[in-house]
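Now for the letters of each chain:
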Amino acid sequence: MDFFVPILAAAVRSGTPILYASLGEILTERSGVQNLGLEGLMLMGAFSGFTVTYSTGNPWFGVVTAFIVGIAISLVHAFLSVSVGANQIVSGLAVTMFGTGASSLLGRKMIGLTIPGFSKVPIPFLSRIPVFGPVFFEHDPLVYISYGLVFFLVWFIFYTRPGLNLRAVGESPVVVDAMGLSAVKLRYFYTMIGGGLASVGGAYMSLAYTKMWGEGMTAGRGWIAIAIVIFAVWHPARAVLGAYLFGGVGAMQLRIQAAGTSFPAPVLMMMPYIFTILVLLVISIKKGRGILIDSPGSLGIPYSREERG
Amino acid sequence: MKYRIVFRKRFRTGMIFEGVLPVLSVLAALFLAGVALMFFGVSPLEAYRAMFRGALGSWYGFSEVLVKTIPLVISGVAVGFAFRMKIWNIGAEGQIYMGALATAAAVRFLQSSSQFSMLLAMAVAAVIAGGFWGCIAGVLKARWNVNEVITTLMLNYVAIHLAEYFIYGPWRDPSSLGFPMTPPFPPSARLPQFLDTRVHLGIVAAIVLVLIFRLVIRWTRWGFEIRAVGENPKAAEYAGIRYGRNVVMVMFVSGAIAGLAGMTEIAGLQGRLQPGMSPGYGYTAIIIAWLARLNPWGIIIVSFFMGVLLVGGETIQVIMRLPLASVQVIQGCILFSVLAFEFFRNYRVLLVRKERN
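Going down the list, the sequences are from chains L and V.
This note's numbering puts the first residue of the first sequence at 1, with every later residue one more than the last.
This note's numbering puts the first residue of the second sequence at 1, with every later residue one more than the last.
Read the hints as simulated data drawn from the structure, not as lab findings.
Here the structure is a predicted model, which means the values were calculated and not measured.
Hints may be right or wrong, so weigh each one.
[Claimed, not checked] Derived contacts from chain V toward chain L, CB cut-off under 10 Å, selection only:
#	residue
1	L30
2	G34
3	V35
4	L37
5	M38
6	W88
7	R143
8	V149
9	Y157
10	I167
11	P174
12	S176
13	G178
Cβ atoms here follow ideal geometry from the backbone N, Cα and C, with glycine treated the same way.
The following block holds chain L by itself, in its conformation from the complex (with noise of 0.2 Å):
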């Protein structure tokens, strides 16, 4: 046991970044909008988060620093989706090379620098369970607001009125509008504060996790995010799960490299990623046996009121 709670709790804080991600993509994804630029939100949320927090010592300024920057930036690409109609795709992409670019660019001053950040806050009585209680409640306050998130988000999407009306309209926008309600403001909604989430996901990297700045720090968890969102069939329970098995997988993957094997490093370092496209396929096999996916319906097709059929 000793030896497996400190790598669960590792599981659990480095798939802290992935799971608000994971969640952000959820909203946006259901909402009928697919968002492939998460990697270059979190780089932007994980720098300005570190910014904000370096000049004013608060982390909490940092965090939602970085959610409104993560807002203004999906703007964008709600627009070009929702509006536009443009392909979401590149779309996406160009997001990612936007947020990459710019985040190294003004964040060249940042490296080398470190903030005291998060520290870590041991819930009373919860933390003295055995196991559980330092797997789970021995963290940072943003790892609790992510259960939070978490609860709140499974309420909101199957058992309330804006839930339902978020999962109408990535099923059948006609229907939405059929309705009253604007198919267009939702989306552009869900994709701004998805983008948002994946931001503060960024944020948690350079403000909990690491506590400093380095240029393209996120390593590829954007798109594992992504990833996540399909194996968790967009229901943000699963994506909880999702996001600790590679937290799991990153962290083992540091503790087997700290414990000075011999194995080398690079290969350590292709695990997260093969395990992503493993975890894919099962999905896709599942999927192709006719077990039924609850995807939303009209994802990644722009909507259009005049061309509605």
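Given the structure of chain L, go ahead and fit chain V onto it with the hints provided.
What follows is chain V alone, placed relative to chain L:
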């Protein structure tokens, strides 16, 4: 009198408009990127002037642009092949690395004094390795409908780490004073360079590949199948065109071409395998194929433009001490603006007089 703006759907885009639009959108992109650069504390005019001078202000600069254009054209064709069928090969970067890795392996294990047979072996190795890498995503897509955007992307990271494993590990040059790189290739394993520039024989390969791309897509049965599947997979299926087989084949060819880009890059230019051998050519290729609307000549023109951007980017890196990331910002802005201009392709903007009730 009051006017209002109305958007009317276009049913036909004129020839002139079709030609002017990409130019307009790139200009808008440069403006957009200029605003962004200004916001980041960089004078855009100064940056653009330095970029232009660096890239096109001298013969040397021009030849360097050609050097950059070679891998861009080749990987642009690679990506374009797959895009024709609406298969999103985002993995050209990884396929380039696999091609380069196989090239280095060929140089390491097959010593031949004949330059021709050596280069042929290297090219074959690169084509097979790149094609295999593309094939993985192709098979997964064809057999189980696995999302190729994510698999090809994940395979990029795997390929880059795999190359790093060999560069930092068993293939590291013992005499490189600890620098991670393989030993330099022997002269027989190098592509000849023209005159005293760094432009190498890969430029011929790039042009030939563009011609083949044109030929295959336009004039062969397979090219017709690719286009048919790309336009309407369901209709193609009814017409008896097998989707799965075509996906695998297209991904193999796409990966193979990208692999060749890796081979020409290290055999023509770098002369050894080192980390970061491709500064994102595979990703730039996506923009190129997209901007060129998969038109073969367009790929050459856009690649050249991207080459100017890259060489210019290196110039401002030296002169203005800006990271190469500024090029990425410009590239992102170009994509944004081209996508936004798509709107004007599909709609006419009219000023209509408001009628009084």
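Evaluation of the provided hints:
Because the beta carbon of L30 of chain V sits about 14 Å from the nearest beta carbon in chain L, more than 10 Å, this interface hint is broken. Look at G34 of chain V: its Cβ only gets to about 14 Å from chain L, farther than 10 Å, so that hint breaks. The interface hint given for V35 of chain V is broken, as the beta carbon of that residue sits about 12 Å from the closest beta carbon of chain L, more than 10 Å. The restraint placing L37 of chain V at the interface with chain L holds, with a minimum CB-CB distance near 8 Å, inside the 10 Å limit.
With a cut of 10 Å, the hint placing M38 of chain V at the interface with chain L is violated, because the nearest CB-to-CB distance is about 12 Å. With a least beta-carbon distance of about 6 Å to chain L, the hint placing W88 of chain V at the interface is held under the 10 Å criterion. Taking 10 Å as the C-beta contact cut-off toward chain L, the hint placing R143 of chain V at the interface holds, the least distance being around 8 Å. Annotation: V149 of chain V was flagged as interfacial toward chain L, and the flag holds, the nearest CB pair being 7 Å apart, inside 10 Å.
About 4 Å separates the beta-carbon of Y157 of chain V from the nearest beta-carbon of chain L, less than 10 Å, and the hint is met. Interface restraint check: I167 of chain V against chain L, minimum CB-CB distance 9 Å, threshold 10 Å, status holds. Given the 10 Å rule on beta carbons, the hint for P174 of chain V is violated: about 17 Å separates it from the nearest Cβ of chain L. Interface hint status for S176 of chain V: violated, as the beta-carbon distance to the closest one in chain L is roughly 18 Å, over 10 Å.
Residue-level restraint check for G178 of chain V is violated (minimum Cβ-Cβ distance to chain L is 16 Å; threshold 10 Å).
The structure fails to meet hints 1, 2, 3, 5, 11, 12 and 13 from the earlier list, while all remaining hints are met.
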